[in-house]
Amino acid sequence: MFKNNETAEIGRNKMLKKHIKNTVAIIAAATSFASIASAEINGPVNYIIPFGPGGESDISARLQQPFFKDKFGEDMVVSYQPGGGGAVGWASLNGLNGDGQTIMGVNLPHIIIKPAQKNVGFKTDDLNTFYMFHYTPDAIVVTADSPYQTLADLVADAKANPGQVTMSGSGKASANHLAQIKFDKLAGTLTTYVPFKGTGAAVTALLGKQTVAEWGYTTVGAKQGDAVRMLAVAMENRHPLFPDVPTFKELGYDMTGGAYRGIALPNSASAETTKMWSDMIAEINTDPAFQKKMLDGGFAMLDVDSAGMKDFMAARVEEYLKDAREAGLIK
Amino acid sequence: MEFSHFLSAMTPFNIALALFGVVAGTVIGSIPGLTATMALAVLVPITFSMDPASALILLGAIYTGAIYGGAYAAILLNTPGTPSAIATTFDGYPMAKRGDGDLAVALACFSSVFGGMVGAIALLLLAPPLSKVALAFGPVEYFWLSIFGLSLIASLSNGNLMKGLAGGAFGMILSTVGVAEISADIRLTFGSQVMIGGFGVVGALIGLYCIPVLIDLVATPERHLKVEENVKSVRISEAFKIAMRSKFNLIRSSVVGTLVGILPGAGGSVAGLVAYSEAKRTGKDHQKFGEGEPDGIIATESANSATVGGGFIPTLVLGIPGTPPDAIVLGALLVQGVRTGPAMFSQSGSIVYTFIYGLIIATILMLPAGLLIGRYAYKSIVTIPKAVLVPTVGFMTIIGTFAIRNSVSDVIIMLCLGVFGWLIARFGFAASPIVLGLILGPIAEQGFVQGWTIGAATNNLIGMFFGRPISQAIIAFTLMTLILPIYLAYKKQPHKEV
Numbered sequence: 559m560f561k562n563n564e565t566a567e568i569g570r571n572k573m574l575k576k577h578i579k580n581t582v583a584i585i586a587a588a589t590s591f592a593s594i595a596s597a598e599i600n601g602p603v604n605y606i607i608p609f610g611p612g613g614e615s616d617i618s619a620r621l622q623q624p625f626f627k628d629k630f631g632e633d634m635v636v637s638y639q640p641g642g643g644g645a646v647g648w649a650s651l652n653g654l655n656g657d658g659q660t661i662m663g664v665n666l667p668h669i670i671i672k673p674a675q676k677n678v679g680f681k682t683d684d685l686n687t688f689y690m691f692h693y694t695p696d697a698i699v700v701t702a703d704s705p706y707q708t709l710a711d712l713v714a715d716a717k718a719n720p721g722q723v724t725m726s727g728s729g730k731a732s733a734n735h736l737a738q739i740k741f742d743k744l745a746g747t748l749t750t751y752v753p754f755k756g757t758g759a760a761v762t763a764l765l766g767k768q769t770v771a772e773w774g775y776t777t778v779g780a781k782q783g784d785a786v787r788m789l790a791v792a793m794e795n796r797h798p799l800f801p802d803v804p805t806f807k808e809l810g811y812d813m814t815g816g817a818y819r820g821i822a823l824p825n826s827a828s829a830e831t832t833k834m835w836s837d838m839i840a841e842i843n844t845d846p847a848f849q850k851k852m853l854d855g856g857f858a859m860l861d862v863d864s865a866g867m868k869d870f871m872a873a874r875v876e877e878y879l880k881d882a883r884e885a886g887l888i889k
Numbered sequence: 033m034e035f036s037h038f039l040s041a042m043t044p045f046n047i048a049l050a051l052f053g054v055v056a057g058t059v060i061g062s063i064p065g066l067t068a069t070m071a072l073a074v075l076v077p078i079t080f081s082m083d084p085a086s087a088l089i090l091l092g093a094i095y096t097g098a099i100y101g102g103a104y105a106a107i108l109l110n111t112p113g114t115p116s117a118i119a120t121t122f123d124g125y126p127m128a129k130r131g132d133g134d135l136a137v138a139l140a141c142f143s144s145v146f147g148g149m150v151g152a153i154a155l156l157l158l159a160p161p162l163s164k165v166a167l168a169f170g171p172v173e174y175f176w177l178s179i180f181g182l183s184l185i186a187s188l189s190n191g192n193l194m195k196g197l198a199g200g201a202f203g204m205i206l207s208t209v210g211v212a213e214i215s216a217d218i219r220l221t222f223g224s225q226v227m228i229g230g231f232g233v234v235g236a237l238i239g240l241y242c243i244p245v246l247i248d249l250v251a252t253p254e255r256h257l258k259v260e261e262n263v264k265s266v267r268i269s270e271a272f273k274i275a276m277r278s279k280f281n282l283i284r285s286s287v288v289g290t291l292v293g294i295l296p297g298a299g300g301s302v303a304g305l306v307a308y309s310e311a312k313r314t315g316k317d318h319q320k321f322g323e324g325e326p327d328g329i330i331a332t333e334s335a336n337s338a339t340v341g342g343g344f345i346p347t348l349v350l351g352i353p354g355t356p357p358d359a360i361v362l363g364a365l366l367v368q369g370v371r372t373g374p375a376m377f378s379q380s381g382s383i384v385y386t387f388i389y390g391l392i393i394a395t396i397l398m399l400p401a402g403l404l405i406g407r408y409a410y411k412s413i414v415t416i417p418k419a420v421l422v423p424t425v426g427f428m429t430i431i432g433t434f435a436i437r438n439s440v441s442d443v444i445i446m447l448c449l450g451v452f453g454w455l456i457a458r459f460g461f462a463a464s465p466i467v468l469g470l471i472l473g474p475i476a477e478q479g480f481v482q483g484w485t486i487g488a489a490t491n492n493l494i495g496m497f498f499g500r501p502i503s504q505a506i507i508a509f510t511l512m513t514l515i516l517p518i519y520l521a522y523k524k525q526p527h528k529e530v
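First to last, the protein sequences are chains D and X.
For the first sequence, the positions run 559 to 889 when this note's numbering is used.
For the second sequence, the positions run 33 to 530 when this note's numbering is used.
Because the hints were derived from the structure by calculation, they are not lab data.
Given the structure is predicted, the values throughout are model-derived calculations rather than measurements.
Hints are not guaranteed to be accurate.
What the hints assert, rightly or not - Partial selection, computed: residues in chain X whose CB lies under 10 Å from chain D: (1) Val-172; (2) Val-211; (3) Gly-229; (4) Leu-362; (5) Ala-489; (6) Asn-491.
Claimed, not checked - Away from chain D, derived, C-beta distances all over 12 Å, residues of chain X: (7) Arg-284; (8) Arg-371; (9) Ile-436; (10) Phe-498; (11) Pro-501; (12) Gln-504; (13) Leu-516.
Using N, Cα and C, we set each Cβ at its ideal position, and we do this for glycine too.
With the rest of the complex left out, here is chain D:
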């Protein structure tokens, strides 16, 4: 159920299989809807992003928007509900109407780490996440004129000057921060992590040479183009947009992952509504035109539907909590 469509070839094969599977699923769903006739969308759908505009969550929602309208004939209205690093939105989700007209973006590791730190008004299990549709793989980014040509250069500098290699990133106890801690451990280095408010600010700090490197995502490489160089990406295989950038695994560091993004319904939504939404997002995700836009933006596709969510989340919870506990971010 959980597949990373990492390279173009594998992606295409899986897509084909998935497409067939999905077609079957949609036919099956259509027939079951005909008999149950309860789950359908009526009018515009409210898609809440629990952050401000411009981040990866917003961009990927904006990319879904026209495909949703095209396939299902209704508008998808994106709105922002920032606050508490997403907590304000997620704490309010289950109080909203579960009729399927309102959905909300969810992010990993946020929805796992935050409730583990303190009471933030929601628990990881409270969220009715029905689909994980992409992730942004972790990546180390430097400016184009940086002396670090390869990851080995950075590691050598960090070993020679412990603590002096500064790396910007988005937020604390975030995907970037966890990646920094994990990599330091794998490489036996000591770098200094400087948290910024969002990826945009972290990239600005990098471009302005306030820090010597950035813990970012492949999306940064896609957006900044020739202005930056990625030293490694945390994927199983290389990203199709960056065939020249090695993976951490190739370089001997067992590191894959990043920030995962999905969508949730209020938990009052019926099983049929949840299934309907899972199928709709799956249909958008299998559209080659949508996939191309996502990959061009530096995202990596991911397909975890409502049936596979429980196993996926259980695995991520274990992984993230272990990392965060070892890093001293949670008790």
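Let chain D serve as the given structure and place chain X on it in line with the hints.
Chain X in isolation, oriented as in the chain D frame:
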């Protein structure tokens, strides 16, 4: 070559879009709580079916209009319609109270058009070099900029320095409530879920500025705004004359606005405040800032409108949004398949230049549209009886606050702050220092933490905070702003008890 882009921006369809955008933006911006960000977020899907340049023109026009529209509520209701208009309340509302509301609205329109043009022309001619300003500003510079902003409290509080500073400190404490932006700590919520999102700036603006006005309206028998017996039919020419007389103020404030707009994370509210304090610092003795001085409106409105063009500079050149509305425009471009970032000017030059000319056209259209809507807004606020005005505005404050993020907590916080603001106003505490603290607190905190982290890692803390040229310049300005009021008070001592 560039002329052809001008022609492609001048198609009837694009002009119609620009006009529609400006009008819609002005109306939305004039309603407290409805911000430019919100307007753009809702309207982005409309642009998917357009070509990228037209889409950008529409979005840019809405944005420009909304920043101007924020001035109406600031002048007529003492409530900034958008955070950018905070400093417009300082002189705008006193002007309206004494019966010069129509003049103030017309002045705001002229200043906004001028500032908008300066910002747009800077975007057209100087975008690539100016984008370097965004990169030159590191954490420490943001820290000092916010300290500079806080020092404005000294010059804004007109003799009530201690009360001003107390308000600023209180605002900074409020800004730390909730989940911290970069450290992710949860602070000062006392275990309550109501406070976890912290004190939003827009909600606080509505509460601290608008609610006290409403309470006073109900508590006093007088009319809301004084109306001249024989209303002069046209005050546009009068406004134009004043604006021309203050051309240096206009130019200086527009340049300040453009530069502050380029800094991601600063925004229109900071631009307006910096321009206001500069206008006040360089103002002549007879000018009474804070009591209805036209130059105050000129400074803030030209500066905040200039941030629109300024903010697009890092957005289009670096792919780094200068303000939240810019972030939405960036997203819309991505959906259109336009690659933003360093390659955009070279690869999608025709889209960029058509858009910039479109923005200029929209700014020019704002002149007739703004004056017309402004007159209408003024007339309706003046003529509506109190019994209708108060419930209408009261209703709007609640809807507006709720709409920010569909949160009932925000409404409760807004109302509490409002009553609190009214109470402390009895004791001479103003709302502005609190809001300043609320806006600048997080910028100062983040800049300090980041600067300290980097400085400590590189064993160069002193050099980090005091050795960088831009920081030194901002520190010098700060000292000047702090010392000036003390000097003036000293000079005036024989005449006035301190």
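Which numbered hints fail: Checked against the structure, the hints that fail are numbers 8, 9, while the rest are satisfied.
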